[in-house]
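**Q** This is what each chain is made of:
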Amino acid sequence: MKRKADPRILIGTYGVVLALVALIAFGWWRYENFLGLFNVMSVLRYNSMFALVALGMCFVIMTGGIDLSVGSTAALGSVAAALASPYGILQGAAAGVGIGLLVGILNGTLVTRLNIMPFIATLATMLAASGSALLMANNQSVSVSYESGFTNLGQGNLWIFPVPAVIAAVAYLFGSLILNFTSTGRTVLAIGGNEEASRLMGLRTDRIKFLTYTASGGLAGLAGVILAAQFGAGQPIEGVGWELFAIASVVVGGTLLTGGVGSVGTTLAGVLLLGILFNVLNFENGMGWISLSAYWQSVIRGAFLLVVVIIQARLMTRRSQAA
Amino acid sequence: MAEGLLLSMRGIEKRFAGIPALSSASLEIAPGEVHALIGQNGAGKSTMIKVLTGYHRRDGGEVLFAGQPFEVGSPHQAQASGISTIYQEINLVPFRSVTENICLGREARRFGLLDWDSMHAEAERLLQTFGIDLDVRRPLMDFNTATQQMVAIARAIGFAARLVIMDEPTSSLDEGEVAMLFKVIRKLKAGGVSVIFVSHKLDELYEVCDRVTIMRDGKTVRSAAISEIDKLDLVSAMLGRDISKAQGHATAFTEGRREAGATVLSASSLAARQAVQDVSFDVARGEIVGFAGLLGAGRTETARLIFGVDRARSGTMKIDGETFAPQKPKEAIRAGLGFVTEDRKLEGIVPELSVAENMTLALLPRISRNGVVSEARQRELVERFIRQLGIKCSGPNQRIRELSGGNQQKVLLARWLATNPKLLILDEPTRGIDVGAKGEIQRLIRELADQGLAVLMISSELEEVVEGADRVFVLREGRTVAELEGEAITEDRVLQAMAHGHSTQTEEVGM
Amino acid sequence: MTQSLSQTPARSRSHFDPFAFLSRYGTLIALLLLILFNLLFTRNFTTLQTLNVNLTQVCTIVIVAVGMTLVIGTGGIDLSVGSIMAISGALAPMIFLGTIMPVSNIAVSVTAAMVAAVLVATLLGLFNGWLVAYFRIQPIVATLVLFIAGRGIAQVLTNGNLQVFRLPEFQWIGLGRPFGIPAQVIIMAVIVLLAAWMLRRTVFGRSILATGGNERAAELAGVPVNGVKLAVYAISGFCAGIAGLIVIAINSASDANLVGMGMELDAIAAVAVGGTLLTGGKATIVGTLIGALTIQLVRYTLLANGVPDAAALVVKAAIIIVAVWLQQQGRVR
Numbered sequence: 001m002k003r004k005a006d007p008r009i010l011i012g013t014y015g016v017v018l019a020l021v022a023l024i025a026f027g028w029w030r031y032e033n034f035l036g037l038f039n040v041m042s043v044l045r046y047n048s049m050f051a052l053v054a055l056g057m058c059f060v061i062m063t064g065g066i067d068l069s070v071g072s073t074a075a076l077g078s079v080a081a082a083l084a085s086p087y088g089i090l091q092g093a094a095a096g097v098g099i100g101l102l103v104g105i106l107n108g109t110l111v112t113r114l115n116i117m118p119f120i121a122t123l124a125t126m127l128a129a130s131g132s133a134l135l136m137a138n139n140q141s142v143s144v145s146y147e148s149g150f151t152n153l154g155q156g157n158l159w160i161f162p163v164p165a166v167i168a169a170v171a172y173l174f175g176s177l178i179l180n181f182t183s184t185g186r187t188v189l190a191i192g193g194n195e196e197a198s199r200l201m202g203l204r205t206d207r208i209k210f211l212t213y214t215a216s217g218g219l220a221g222l223a224g225v226i227l228a229a230q231f232g233a234g235q236p237i238e239g240v241g242w243e244l245f246a247i248a249s250v251v252v253g254g255t256l257l258t259g260g261v262g263s264v265g266t267t268l269a270g271v272l273l274l275g276i277l278f279n280v281l282n283f284e285n286g287m288g289w290i291s292l293s294a295y296w297q298s299v300i301r302g303a304f305l306l307v308v309v310i311i312q313a314r315l316m317t318r319r320s321q322a323a
Numbered sequence: 001m002a003e004g005l006l007l008s009m010r011g012i013e014k015r016f017a018g019i020p021a022l023s024s025a026s027l028e029i030a031p032g033e034v035h036a037l038i039g040q041n042g043a044g045k046s047t048m049i050k051v052l053t054g055y056h057r058r059d060g061g062e063v064l065f066a067g068q069p070f071e072v073g074s075p076h077q078a079q080a081s082g083i084s085t086i087y088q089e090i091n092l093v094p095f096r097s098v099t100e101n102i103c104l105g106r107e108a109r110r111f112g113l114l115d116w117d118s119m120h121a122e123a124e125r126l127l128q129t130f131g132i133d134l135d136v137r138r139p140l141m142d143f144n145t146a147t148q149q150m151v152a153i154a155r156a157i158g159f160a161a162r163l164v165i166m167d168e169p170t171s172s173l174d175e176g177e178v179a180m181l182f183k184v185i186r187k188l189k190a191g192g193v194s195v196i197f198v199s200h201k202l203d204e205l206y207e208v209c210d211r212v213t214i215m216r217d218g219k220t221v222r223s224a225a226i227s228e229i230d231k232l233d234l235v236s237a238m239l240g241r242d243i244s245k246a247q248g249h250a251t252a253f254t255e256g257r258r259e260a261g262a263t264v265l266s267a268s269s270l271a272a273r274q275a276v277q278d279v280s281f282d283v284a285r286g287e288i289v290g291f292a293g294l295l296g297a298g299r300t301e302t303a304r305l306i307f308g309v310d311r312a313r314s315g316t317m318k319i320d321g322e323t324f325a326p327q328k329p330k331e332a333i334r335a336g337l338g339f340v341t342e343d344r345k346l347e348g349i350v351p352e353l354s355v356a357e358n359m360t361l362a363l364l365p366r367i368s369r370n371g372v373v374s375e376a377r378q379r380e381l382v383e384r385f386i387r388q389l390g391i392k393c394s395g396p397n398q399r400i401r402e403l404s405g406g407n408q409q410k411v412l413l414a415r416w417l418a419t420n421p422k423l424l425i426l427d428e429p430t431r432g433i434d435v436g437a438k439g440e441i442q443r444l445i446r447e448l449a450d451q452g453l454a455v456l457m458i459s460s461e462l463e464e465v466v467e468g469a470d471r472v473f474v475l476r477e478g479r480t481v482a483e484l485e486g487e488a489i490t491e492d493r494v495l496q497a498m499a500h501g502h503s504t505q506t507e508e509v510g511m
Numbered sequence: 001m002t003q004s005l006s007q008t009p010a011r012s013r014s015h016f017d018p019f020a021f022l023s024r025y026g027t028l029i030a031l032l033l034l035i036l037f038n039l040l041f042t043r044n045f046t047t048l049q050t051l052n053v054n055l056t057q058v059c060t061i062v063i064v065a066v067g068m069t070l071v072i073g074t075g076g077i078d079l080s081v082g083s084i085m086a087i088s089g090a091l092a093p094m095i096f097l098g099t100i101m102p103v104s105n106i107a108v109s110v111t112a113a114m115v116a117a118v119l120v121a122t123l124l125g126l127f128n129g130w131l132v133a134y135f136r137i138q139p140i141v142a143t144l145v146l147f148i149a150g151r152g153i154a155q156v157l158t159n160g161n162l163q164v165f166r167l168p169e170f171q172w173i174g175l176g177r178p179f180g181i182p183a184q185v186i187i188m189a190v191i192v193l194l195a196a197w198m199l200r201r202t203v204f205g206r207s208i209l210a211t212g213g214n215e216r217a218a219e220l221a222g223v224p225v226n227g228v229k230l231a232v233y234a235i236s237g238f239c240a241g242i243a244g245l246i247v248i249a250i251n252s253a254s255d256a257n258l259v260g261m262g263m264e265l266d267a268i269a270a271v272a273v274g275g276t277l278l279t280g281g282k283a284t285i286v287g288t289l290i291g292a293l294t295i296q297l298v299r300y301t302l303l304a305n306g307v308p309d310a311a312a313l314v315v316k317a318a319i320i321i322v323a324v325w326l327q328q329q330g331r332v333r
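Chains as they are written, first to last, in our numbering: chain A, 1 to 323; chain B, 1 to 511; chain C, 1 to 333.
If you are wondering where the hints come from, they were derived from the structure by calculation, not from laboratory data.
Check before you lean on any hint, since a few could be wrong.
Here are some chain B residues pointing at chain C (derived, C-beta under 7 Å) [unchecked claim]:
#	residue
1	K330
2	I333
3	L353
4	V373
Quick list of simulated restraints, FRET-style, between CB atoms [to be verified]:
#	chain 1	residue 1	chain 2	residue 2	range
5	C	L48	A	R314	36 to 46 Å
6	C	Y25	B	Q77	38 to 48 Å
7	A	R314	B	A224	50 to 60 Å
8	C	R216	B	G321	51 to 61 Å
9	B	G321	C	V108	57 to 67 Å
10	B	Q77	A	L18	39 to 49 Å
C-beta atoms are modelled at their ideal positions from N, C-alpha and C, and glycine is treated no differently.
Just chain A, same shape as in the assembly:
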């Protein structure tokens, strides 16, 4: 009955890491300065917002749920943070994260108390968060205070590392620790694998689900804080499509959308992979051989997602046949 770990499963799980390494190697081979400090740090800085949103999404998806509200929540968080930024760095950040947590709590309540399907519940809060952001911002972007040092959260450095990237790295470390070494994390996966069974096994499914939505909201709020700090303004209409980009990253990272299987580390790899694709495109255009407009970015990302999901689907069917 004992079997060796199936190599196909390893490819399914870590393929994204391999692809990431390959893409980086390609960039390093082809472009000068691709691995230069400036380029690396700016890629990290820019993608840390998406990384935070994807982390929350990853936990929600592992329970078998989905959170469509993250983009709007980030926009709302950026507005709240910008409005609170004159009072200080901490106040600004707290406002953004706090309002994100509120949206998350609302999502958690709708899903666990009213038993509304996550897709619909978070679709509604997405609209509500977007509307609230516009109302709070009076339909325009809200510039942040430069005196309080709030912009350091987006533009500053810790030694050579961009502050947002450090924040994202810490968040991922925590996320990974929680998933792999706490009962909360294992319960997240158990719920996604079979919610009814988990409930009957005496696991507190509703509480854990509630927590994942709350965390997702808080992380989206944090992404909003960074957004405001990085671009110097709270932007009520930013964040459109972030939720689907985050879902794409999570899926590319090998997390099953049906829940029960997932990893924090490969989600980060998924975010970076999709982010670096864009970076490579820019470099390629810079070479002057071809000129691909920025519009190609989404085409390439879509094509990439297609390849990944087809490979995953193939692996899954083979596996279920083998079992």
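Model the placement of chains B and C on the given structure of chain A, informed by the hints.
**A** Structure of chains B and C alone, referenced to chain A:
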């Protein structure tokens, strides 16, 4: 008065949507006793258990656990109080490792974090008490059903429970595994743990239980030491009617065997993947052919080959003498086959559709013209079958999920009968159906055969195969190992073949 | 099998059950109440212009939502409709403006443009269906591919440029008024009626619900499950293609960045509010129409009474939640 009892449930009331599911039901369990809880489907056993474990909130009555009033709001609290439950359908998480499935909810921790090493060791230790040795790091879905069931039991026992509830734990276990389970139950008992044992298999109850509580229509009708009550009393208390009637059902199924006609389907040396290695058999007009075998012997898998759900790797099939190799169910249906599957919920009913829509699902091309369904033909057909099979429903438009299990099964039978098939494959046709409806369905199967239908019946109930079938093929590890006919069909011989691969009077199968 | 939510009595003819009643007719009642409210309090509500404004704004949503209803009926979802609208909207002007190749006869070029745009949209839908049916990719992921790539394709096709035109031969689809009724309303009505009839009375409709209700059972009963899935996604693409044409005809311009933006969510909202079960197996086209009209009228009512658009979004969110919650309460388990 509840002195010395571990559990006392009295006057329990529970209503769903205003309809009483339990009315003044009671259950009393002494420490260290194995207590059988029996009753027909819908008698209220599961509801009673779910009230106890906090899954349902009771509407009335009192529960004392270890002499204390017991108020739990969730399975989690029940577990923390020392009540562990193993449900009938294996309720574990297939994607996760065996260890996680055993240890979730009471993980070992070191410095606040999970201690994987000691969790793996604990899982291995628990499984070894059943004599099972496996890689606990692998996901649960890599193992077969029986192993998964053992994991579920290991999980329940690992919780150091004072009361373990087993809801039909043996339905997916083979004889050896059942024996192992009983050993574990006795071990639990010796350790002072009480067990509530829900089962439909009467022999098992007498083997392992001390007391029995019988429920009917949401009420407790009798509770006694099992030595004081014989099988017939037990059945009649469950059914709430005369024993002679219950026997009448069995005879209706048994009598009326007649000579078989021409061969409808014959298969030789079928093989596909692992589950089916070498299966040969044939079914003729007007006869019921039984497939006996342990779980995983390849019976359902063979049925799926015949019906074109899976494809055979080698071997041949013939229908009415013509070669037959269906690529999908549609082709099998066209060739005159019908397939009532084992799992009604998963592969049978479409819950949101009506009785009529469910019944005509396989018949759509025939009751429509240019893709438009003829309402008149549908109504005429559906009403006829509702009458003929005695399906209890408010009308053709009632949604099928509102029907009882037995009536759903009849609708599914009608779905295939309406296609006027040559051969009907029935996979566990009476599983999970109450005793009354079971007899009715068995009688119906016999009637259909009498009218010339060829029936291939898979059943894990030895009694059903032995008494119901005209011929029996015994499968073992993907091979047909015996063919029994007429007088030769006895429980003894079938069991022998299932266990050893041959019966005392084996007839060579195939050529 | 979620927890037994419903403490409501079984649906019977003798007892009145408010939850079951509201879950069935709640949205319709809300729509009627909204109309009543507007008749009483909104100025100029009873004018033909008001009717036209509301109908034209809701038409494209309804058309897309009809396709979405069928997809959701099979237990799927289609996130790509907005992007497919953008492709269809980008492609048609390229043909009738002669960007791809000049055609002298205006009738020929307009016909070719419309046919080609809708055909491509249908093929893209078919592609979605192919991913879902043959690769067994979850619908939300499978259609996410075109959601992301589709708008990019439209932008690449037009290089992100606005295509402006003034071409009555084409724009009748958005601006024409045969018998005084806007052409798009007629198209919408035809699509709604056809789909509603099809879902109720045909083998295909029954197959959709069986596939969504219990795919394995349907397959075992000989329902061509994969074919059904291919078809519904193709239909969804077809509907999105038509909606894309209508949108650009109304605007006299095609902007690949904006056409169909957020349409997937509007359509899903209409379907959910209309009472179609999002897990599949139970769908209502008329419900979807009522759902879309209700959402539209709420927005109109708020705007007409001086509430800012942003606040209307919040109200819309509340409506979706209340509608879906009521439907759940009404379901007898």
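**Q** Next step is simple, just say for each hint if it's right about the structure.
**A** Here is what the structure says about each hint:
no.: 1; hint: K330; result: holds, 4 Å
no.: 2; hint: I333; result: holds, 4 Å
no.: 3; hint: L353; result: holds, 6 Å
no.: 4; hint: V373; result: holds, 6 Å
no.: 5; hint: C:L48 x A:R314: 36 to 46 Å; result: violated, 57 Å
no.: 6; hint: C:Y25 x B:Q77: 38 to 48 Å; result: holds, 40 Å
no.: 7; hint: A:R314 x B:A224: 50 to 60 Å; result: holds, 59 Å
no.: 8; hint: C:R216 x B:G321: 51 to 61 Å; result: violated, 32 Å
no.: 9; hint: B:G321 x C:V108: 57 to 67 Å; result: holds, 60 Å
no.: 10; hint: B:Q77 x A:L18: 39 to 49 Å; result: holds, 46 Å
In this structure, the hints that do not hold are numbers 5, 8, in rising order.
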